[in-house]
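Participant: Starting from the given sequences, assemble the full structure and let the hints guide the process.
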Amino acid sequence: MTTDLMSPFLSFETNGELLTTAADDEFSIVLSGRPINQFEPLGFVAITGKVVSLTLLRHDTNRIFILVTTGESVETGATDIFFYEVHHELLYSGSYVHSDSCRSLREDSIHLMHLHFNSPMSSVCLWPPEVIDSPTPPRLFAADVFQRKIHTFVLPDESLMKQTSCLSPFKSVSLLRDGSRVQLSRVTGVNIMVVSYSDGVIELIEVAGEELSIIKTIAIHERDQVGAIFAEFCGDLSTLISCGHDGLLVRTEIPPHSGSKPVPLPSLSGDHLERSQKQRKELTLMPTYQVKRRLETPILLGTETKVDESRHISTRPLFGRSSTVMTVAEQSLDVTDTNGSDSEALEMTPIVSEPHRPTWTEECEKDAHALEDQVYTEAREKLRGELAEIRKTINIMADENSQLPEIERIGRQEFELDVDEQAAILEETENAVKQVREEIELSDLAKQFTWRILKKRCWDRMEVKGRTLKAFDMQLEVCNFPLCARSQAELARLAAVRNRRRVQMHMEQESTRMMNKSAFGSSVRAIQHEELEEDEEQKADVNRVLAGSIAIDCGGQNELCYSQMELYTREQKIYQIMLIQDNIYRIKENFNKNFSDVYAKKESSINKIRTRLARIRKILVDIQQSSVTKSIIDPAFSPEEQPELLLTVDDSEIAVDLYLSPAELAERETRRLAEEERRRREKLDNWRERGLEEMMGGVLEVRKEDELKKDIPKPAFLLMGKPTAHWTPDDRRLYAEYERKVQELNEEREKYRKFLEGDMKKMTALIDEEKSKFDEQLVVLFNDWIRAQMAVLHEELKVWRLKWMLLVEEEMFVQESDLNNMLKKTEDEETENVDSDTVDHSENIPGSTSYNPYVEKPSNRRHLADNKNMMEDSFRDLDNDPAHEGQPGLDNAVWDRMCKYRRRKVEKELEVKNMALKLADINAFVQHREDELKLIRMRREALTMDLSKLLRDYHYDQTNLELQLLTKQGQVEIEVLEGQLVHDYGDALLISRERVEELNAHIITLGGSKVAHMLKNKEFKKRFYHLEW
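Residue numbering for the sequence shown follows the UniProt record's numbering, starting at 1 and increasing by one per position.
In short, the hints are calculated from the structure, not lab data.
Idealized CB from N, CA, C, for every residue including glycine.
Worth double-checking, as some hints may not be accurate.
[Claimed, not checked] Cut-off 20 Å, straight-line C-alpha distance, at most; resulting in silico cross-link-like pairs (EDC-like, lysine to aspartate or glutamate):
| # | residue 1 | residue 2 |
| --- | --- | --- |
| 1 | Lys773 | Glu641 |
| 2 | Lys714 | Glu744 |
| 3 | Lys618 | Glu744 |
[Said to hold, decoys possible] Per label pair, the in silico range of CB-to-CB distance:
| # | residue 1 | residue 2 | range |
| --- | --- | --- | --- |
| 4 | Asp651 | Val621 | 51 to 61 Å |
| 5 | Leu807 | His1013 | 50 to 60 Å |
| 6 | Cys484 | Arg672 | 20 to 30 Å |
| 7 | Glu941 | His1013 | 52 to 62 Å |
| 8 | Leu807 | Leu919 | 54 to 64 Å |
| 9 | Asp730 | Val621 | 49 to 59 Å |
| 10 | Glu653 | Asp711 | 45 to 55 Å |
| 11 | Asp651 | Thr611 | 24 to 34 Å |
Facilitator: This is the structure we're talking about:
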């Protein structure tokens, strides 16, 4: 299908509709499994690496999963995974699933995923999802021989492929036995997995959800023949057929385990029978490969055999069989029929394809090229004609150039048709190269600048770099606390705060000492002195509770810190924040010291493990298991554990080829020649090696394993191939002596082999012990990290609470300043209104010459003047009324006097009316001013009340402190009301234990004094009673 070097990996789908194959470093090809389709290839996927396993799994009627695992070799195990999904309609619906004319399958249509294992896996088993119609990908079980575990992997969705390409085990179970090879396979129809070992043992493992359990262990095949190859159940799940390297095909009856039910064989319908007959007919028409026979001479075990001497050279592997045993084992045996009529030995020869026969992919490429030739034939012919004309012209010009004189003739490399165009192209190329070089240099400069800034801020300024410690056999990581170096200004401020705090504490002690000189204080101290030790323990507990954190246990104790009940002023809170931050720094610094000690222990453990692994590799090479050494990986620090490795780039990390200038190439060549010359001179007269070879056989010390590698030399008659019938008694004696020495040598080799195996087990046990010991230390460090993290969080919570209190206090200061400004502004407005009212009232005083805006309004004055003119005209008309002359007894003097009185009356009435209007305006103005003044006063009172409330809140916040307590079990003296489940702390008080105990001690002292006084009175009265008696 692909090439002649195709690997024997072929997998059939359960229904026989599809089969797939894979080849090393080539393709995974999907073919039709129906003979009617001539097993036509449907598409392929490119893969890399040596194929380790190939699995094909049908999930439902339309979805088929294909998994190919590859690695460096089959012995080392699989490291890469190629997983894709095939739909029935995609393969038979057309060519839109192919990305090119060679039928390469599109990655988006088959959901191709390329994943990696963290460590090599010897075998994998694809497991279907639990829900049949679920679109989730299947699970994957992988066998890790080195760790003796079965890992469970969950394949990611296609949307998460851009985020991760390395698979991490979801769960690991230690179920595997010792062995260099393990094969996993799934039993179709049930949740049972078959595990085949290299020692011939087969185990049945039941998969129940995420749990794995061994239900059956069977030892079938021989251990010396690399164990079982494969095992498969029959349809009823009661018969197991296995094949091993010992040449046996074994049928084993498996009794059903508890809880299992026999699976009935599916019945075949008429359609199935008709289809199978049709496919069988198609198979008969396909080519058949016959078994080849070759003639061999029957050779019995007792016949003489000529042994090639080259097979027993000194470089043969250690612990091989002896020469005689190898001679017998290398003879061929006859395999004849039962009647003995045919003595020809049967030989199964591999089917070799024709040497020049093209593969299917080459045929696809050939068809694609033929199609392109048909499409572009005309254009190709046209181009070929133009090229032929140009070639003809150039040949003519070359002939003319060759006939010119030597001084005019140009060289072959200088021969150019258009010199100007060449110069223009060279100039354009140089300009483009220069521009690209400048862009790359500027980009590198920007990246270097960014790198330096990031390194300076995030790496150089760190006094303690952040790193992680990982366990050997556990999913556990512990990180340290990265610390920045504190500046001189911060240290100076911290020292100033410490000095001020020491002065304050000294003054408090002096004041307390002076207050305790009273008699009551002396008596209380005398009583408390009797229970000093108990009080000290209680005080330590109270201090731990009032401290509000476990920083005391983590090295963060600071005797200079304030008590939480003493933080009243702003200065105290600021000092407390700085002291708590210093506590946090010391907690982290203390943990980092323990982290560094454990880190050094892991480094020492890694060195010990590497030394023991080197010894194990040496033992494996000696016992002829060198293939296992490739799977042994030395432990090393990861980049998370040594972050400084991220700042350096090794040559192995550079994917592109290194560019060397001509000068560098010349220098490298000069150094190489000088080194070769030095080695040549050393080989000319190396007296040390020559003396070692001549005097001591090339070694300084004769080792036992070197002696055991040497074979016993054969007698001369065996080397000459002398027949057994012609052996003399000396020959037989020499042969018996030779056989005895060979047997002794084999026994010594077997003893030494067992010794090495015991030593290897001892080294493995020591490695496991070293790993478990370090893991225990890492668990202890992890617990310390949890407590340190708790202490840091407790202290940081204190800091944030103090910052919040300072922020609230600052907000209150700002609010107070705003209220004072508003109150001052209101008082100024009130003063201005009162002054303006005084000026207005002074203007309304009679006789005042100042301008009165309400009296001398231009509109009112004009109105009054108009009324006065109208009244004068009316009075003039009334005074000149001719009707008064007809009144009897009314002379003109009386009439004039009455007119004068009438005029005065009317004028007075008008004056009264004007004064009433003026009075109404003044009253309205005064009322308006009084209302404005009332509003201003109300606003002033509101501001005053707000200011008073703000001051009360400020004093309340300063005195009613919020405490952070750390208590295991407190004493609550609050009753729970009926019908409630929790305490109501709304009106509760937190009383210090020292205060209560101090009052109790004082009460006990006073009670004792009272009892003593009563006893004294009793004795005194008792004397009087005796005298009276």
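Participant: So does Leu807 sit 50 to 60 Å from His1013, Cβ to Cβ?
Facilitator: Given a distance of about 58 Å, which is inside 50 to 60 Å, the answer is holds.
Participant: Would you mind confirming whether the straight-line C-alpha gap from Lys773 to Glu641 stays at or under 20 Å?
Facilitator: Holds: Lys773 and Glu641 sit about 19 Å apart, inside 20 Å.
Participant: Are Lys714 and Glu744 close enough, with their CA atoms no more than 20 Å apart?
Facilitator: Given pair Lys714, Glu744 holds - Cα atoms ~15 Å apart, limit 20 Å.
Participant: Does the Cβ-Cβ separation between Asp730 and Val621 fall within 49 to 59 Å?
Facilitator: With Cβ atoms ~40 Å apart, the hint is violated.
Participant: Would the hint linking Lys618 and Glu744 be met if the CA-CA limit is 20 Å?
Facilitator: violated, 24 Å
Participant: I want to verify a distance hint. Is the separation of the beta carbons of Glu941 and His1013 within 52 to 62 Å?
Facilitator: holds, 60 Å
Participant: Could you say whether the range 24 to 34 Å given as a hint is met by the Cβ separation of Asp651 and Thr611?
Facilitator: holds, 27 Å
Participant: Take the C-beta atom of Glu653 and the C-beta atom of Asp711, compute their distance, and say whether it sits inside 45 to 55 Å.
Facilitator: holds, 47 Å
Participant: CB of Cys484 to CB of Arg672, is that within 20 to 30 Å?
Facilitator: violated, 48 Å
Participant: Would you say the C-beta atoms of Leu807 and Leu919 sit inside 54 to 64 Å of each other?
Facilitator: The hint (54 to 64 Å, Cβ to Cβ) holds, given that Leu807 and Leu919 are roughly 60 Å apart.
Participant: Within 51 to 61 Å or not, the Cβ separation of Asp651 and Val621?
Facilitator: About 29 Å separates the Cβ atoms of Asp651 and Val621, which means 51 to 61 Å is violated.
In this structure, the hints that do not hold are numbers 3, 4, 6, 9, in rising order.
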